[in-house]
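Now that you have both chains on their own, put them together as the hints suggest.
First to last, the protein sequences are chains A and B.
Heads up, the first sequence is in the numbering used here, so the first residue is 1 and it goes up one at a time.
Heads up, the second sequence is in the numbering used here, so the first residue is 1 and it goes up one at a time.
Because the hints were derived from the structure by calculation, they are not lab data.
Here a beta-carbon is modelled for each residue, glycine too, at the ideal position from N, C-alpha and C.
Be aware that one or more of the hints could be misleading.
Facing chain A, a subset of chain B residues (Cβ under 8 Å, in silico) [to be verified]:
{"id": "1", "residue": "Phe82"}
{"id": "2", "residue": "His86"}
{"id": "3", "residue": "His88"}
{"id": "4", "residue": "Val106"}
{"id": "5", "residue": "Met154"}
Keeping only pairs whose Cα atoms sit at most 30 Å apart, straight-line, the calculated DSS-like set for lysine-lysine is [claimed, not checked]:
{"id": "6", "chain 1": "A", "residue 1": "Lys149", "chain 2": "A", "residue 2": "Lys215"}
{"id": "7", "chain 1": "A", "residue 1": "Lys215", "chain 2": "A", "residue 2": "Lys141"}
{"id": "8", "chain 1": "B", "residue 1": "Lys181", "chain 2": "B", "residue 2": "Lys79"}
{"id": "9", "chain 1": "B", "residue 1": "Lys130", "chain 2": "B", "residue 2": "Lys181"}
{"id": "10", "chain 1": "A", "residue 1": "Lys46", "chain 2": "A", "residue 2": "Lys141"}
{"id": "11", "chain 1": "A", "residue 1": "Lys138", "chain 2": "A", "residue 2": "Lys149"}
{"id": "12", "chain 1": "A", "residue 1": "Lys215", "chain 2": "A", "residue 2": "Lys138"}
{"id": "13", "chain 1": "B", "residue 1": "Lys71", "chain 2": "A", "residue 2": "Lys46"}
{"id": "14", "chain 1": "A", "residue 1": "Lys215", "chain 2": "A", "residue 2": "Lys16"}
{"id": "15", "chain 1": "A", "residue 1": "Lys141", "chain 2": "B", "residue 2": "Lys71"}
{"id": "16", "chain 1": "A", "residue 1": "Lys215", "chain 2": "A", "residue 2": "Lys122"}
{"id": "17", "chain 1": "A", "residue 1": "Lys122", "chain 2": "A", "residue 2": "Lys138"}
{"id": "18", "chain 1": "B", "residue 1": "Lys130", "chain 2": "A", "residue 2": "Lys138"}
{"id": "19", "chain 1": "A", "residue 1": "Lys138", "chain 2": "B", "residue 2": "Lys71"}
{"id": "20", "chain 1": "A", "residue 1": "Lys122", "chain 2": "B", "residue 2": "Lys79"}
{"id": "21", "chain 1": "B", "residue 1": "Lys79", "chain 2": "A", "residue 2": "Lys138"}
{"id": "22", "chain 1": "A", "residue 1": "Lys46", "chain 2": "B", "residue 2": "Lys79"}
{"id": "23", "chain 1": "A", "residue 1": "Lys164", "chain 2": "A", "residue 2": "Lys16"}
{"id": "24", "chain 1": "B", "residue 1": "Lys130", "chain 2": "A", "residue 2": "Lys141"}
{"id": "25", "chain 1": "B", "residue 1": "Lys79", "chain 2": "B", "residue 2": "Lys130"}
{"id": "26", "chain 1": "A", "residue 1": "Lys164", "chain 2": "A", "residue 2": "Lys215"}
{"id": "27", "chain 1": "A", "residue 1": "Lys138", "chain 2": "A", "residue 2": "Lys46"}
{"id": "28", "chain 1": "A", "residue 1": "Lys141", "chain 2": "B", "residue 2": "Lys79"}
{"id": "29", "chain 1": "A", "residue 1": "Lys122", "chain 2": "A", "residue 2": "Lys149"}
{"id": "30", "chain 1": "A", "residue 1": "Lys149", "chain 2": "A", "residue 2": "Lys164"}
{"id": "31", "chain 1": "A", "residue 1": "Lys141", "chain 2": "A", "residue 2": "Lys122"}
{"id": "32", "chain 1": "A", "residue 1": "Lys122", "chain 2": "B", "residue 2": "Lys71"}
{"id": "33", "chain 1": "A", "residue 1": "Lys46", "chain 2": "A", "residue 2": "Lys149"}
{"id": "34", "chain 1": "B", "residue 1": "Lys239", "chain 2": "B", "residue 2": "Lys181"}
{"id": "35", "chain 1": "A", "residue 1": "Lys122", "chain 2": "A", "residue 2": "Lys46"}
{"id": "36", "chain 1": "B", "residue 1": "Lys130", "chain 2": "A", "residue 2": "Lys122"}
{"id": "37", "chain 1": "B", "residue 1": "Lys130", "chain 2": "A", "residue 2": "Lys149"}
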Amino acid sequence: MDFSIMTTENLLFMLKSACLSVGIAVVCLLMGIVLGTVTAAGRLSKNGLLNTVASVYVEVFRGTPMMMQITFAYLALPALISLIAGHPVRFNPLVTGTVAIGLNSGAYSTELIRSGILGVDKGQWEAADALGLSYRQKMGKVILPQAFKRIVPPLVNEFITLIKDTSLLSSIGIVELMKSATVIGANYYAYLPPLTVASAIYLTLTLTISHFARKLERRLSASD
Amino acid sequence: MIDLMGVSKSFGDVHAVRDVSLHVEQGEILCLIGPSGSGKSTLLRCINGLEVPEAGQVYVDGEPLAFGNPKLLQAQRTKMGFVFQHFHLFPHMTVLGNLTLAPVQVLGMDPQSAQNTALALLERVGLSDKRDVYPAQLSGGQKQRVAIARALCMNPEVMLFDEPTSALDPEMVGEVLDVMKELAQEGMTMLVVTHEMGFAREVSSRVLFLDEGQIVEENTPELLFSHPQSPRLQDFLSKVL
Ligand SMILES: Nc1ncnc2c1ncn2[C@@H]1O[C@H](COP(=O)(O)OP(=O)(O)O)[C@@H](O)[C@H]1O
Ligand SMILES: [Mg+2]
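If we strip away everything but chain B, and leave its shape as in the complex, we get (with noise of 0.2 Å):
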């Protein structure tokens, strides 16, 4: 369902993803962890061009990335969610306006499908009575679970998450990772960033370790967490678990 090419980015002389490829099946629930600055983030931007990659290739359902055409890329780029790690919810609309206001742009869906589809997607994220709501008025904890809802508003095959945790105060982190954990168990492909070892380990199909732009490492969860072949990925663990 995606698969990357020997995908490269270097801002200036800072190369934060090298030479990367990746084949991700649908129904795989990916997560990638290494140290701060280790190209994680660049990664996931470059799989919905959010970052142009300078060499190599991006595809989605075998198809490449169409950085030439924004139409295209538009299109390509709904069958992604991308949840970040500062949310990144709309603060001049509410909740609701944050859910809908894709589905009617960009899907030409009519407003009052599209409001139905949000409501339904925030009962499911145990936000209900926050759909009239404007952002400022949430805990970080809800923010996060809005923006999943938005993403997820779209319909996406593939959900791609930054982070979604790391900008959280610690007692909030669970509310989103329950959110998370049952899309997995619906089987929704997806992409993890995180530094939650334990959601890693319960959740995902499989773990990349990177470090220096590359992937160093991957393996089941139950492998690479009990045995570690690379030295950077022993000194990794040590330090976080």
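Excised from the complex, chain A in its bound form (with noise of 0.2 Å):
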């Protein structure tokens, strides 16, 4: 096996396009959160309205493949807005594929979220209405706080999920890690050296947060 082809220019060429994955899933993430908890809110109220939009979206984000909605952002969607435009419409790749990953994160958040707020014991809801907390005080200062701790282990699982599906963005022609690995396989013939290099970049990334991730969770769980 011959890794002389991963020379110090390609090595970094690769832990550019690494950190370009770890971007895109940070962005992704935040995103979800802030989609997510909106959508939760959503699922949660008892206006009937709110609660169908937000059950769709769900619904439909977590019942198709990422991949295809990815496709669907970059390929489709402009095609259809051309049409109503009247005039050819493209997507910029990097944008188009970050929110529809975000958008699939938010569908995924949206249910950590609602089963982290639902998980509170009901004693607590109960106890805050009976010392006559309004609504917002009983969420900002009882169950949030309390459903924070629920929330944040899975939320790390989620942004280690996001690094991995950051590679579905190669097929747009984003150059993350995946795709880099493919692009010198491609120059040099060769694409075991590439492909491992990029393999253990990403096990490299996961294992560290899920170590950081355990960590946290012994502290968030502490004070229990």
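This is the structure we're talking about:
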């Protein structure tokens, strides 16, 4: 096995691409948390319309492959919009791909956040009510701080999933870690070295994050 | 001070409370007794609006509970302290945090005077040394005393207790009942769901016997315990006394 093609230049190229992967994952995670919080509030509300809209969003994004969502957003959506606008429209692949994954992550985060909130003991809601706290005060001071502890560990797992999922963006030409490996492989007609290195980088990233996640989890549960 | 007019509440086809009317004067100490599932908790929870009755009305100081108006309902709830069987202290706050949260947030007290009130109440329930401790580090009896102090911090007009000693180890029942007896002596209006017949006999001004969601019998403790009229109460007392 000839790893000599992994020159410093090529390695740097892959590391830069790895940074892009992580960067996209961070943006998608944050997007997902914001969207997920809003949608979770919708799913928890008694308003039928909000509830339905939120449910449909969650079901659509969890019920179709992420690869389909990315491809749809990049190839099908511009065609649809061109038709409506009456002139050709092209989407920026990086923005489109990131938004697609962010929307997908939002659907999963919705359920994480919702179940984190619903997991807080019913007695806590009642104690807050009995003391005369308003809905905002109850959520802000009593429920969310307790839900937070339950939400953070699965969100870290979501982050790990997102780092791996960004590899799908290679299909729409974004040079993230996965794509950087196949580019080098194609240049040298040798795929084994770059794909091995890329896998090692993915593994290092995910193992490091789950290591810190376990530490964090221990700290969060310490105060119980 | 508290009036119930024809209050009913059911869960599916379980009629937990059926057409109950009740008048509670200021300073009265009412004990609610009855078999498990007779609707005691549901009745108490209807009084502070934790359950919404499907029929009838609850009046607090002559005002109907404002279920359609969250702001007013919150204000009405601050007049009533509620003590749960399982305490429901906030686990992420210290004892002092538990006591000062609602006075600061709901009553708009400044944190310093809320803390002073809280410390005075902690002293009263004998837990001054626990002010900076988290609930997880307290025994059951201590948790319940903190929960009582938390409710008292709102300076309520009436205290509602739902089996406050039922979740406690036997050796801790006394310390909680002592706090409640002291409250009673100070003239607090109290509604107490309890299985502690000794407490009911000693402290209450009136005892209500509930069965199948209805007040079957009510009387002074002396008469109710020594001359139960209805067969259902006789049967119940023969089992618990
Ligand atoms: N949230 C609820 N959902 C369904 N059934 C309930 C609920 N709360 C109480 N019940 C039912 O209502 C009846 C009265 O319950 P409860 O008021 O808790 O009785 P008690 O406090 O006297 O034991 C019981 O049959 C109980 O199963
Ligand atoms: Mg009960």
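* **Non-conforming hints, listed in increasing numerical order** => Violated hints: none; all satisfied.
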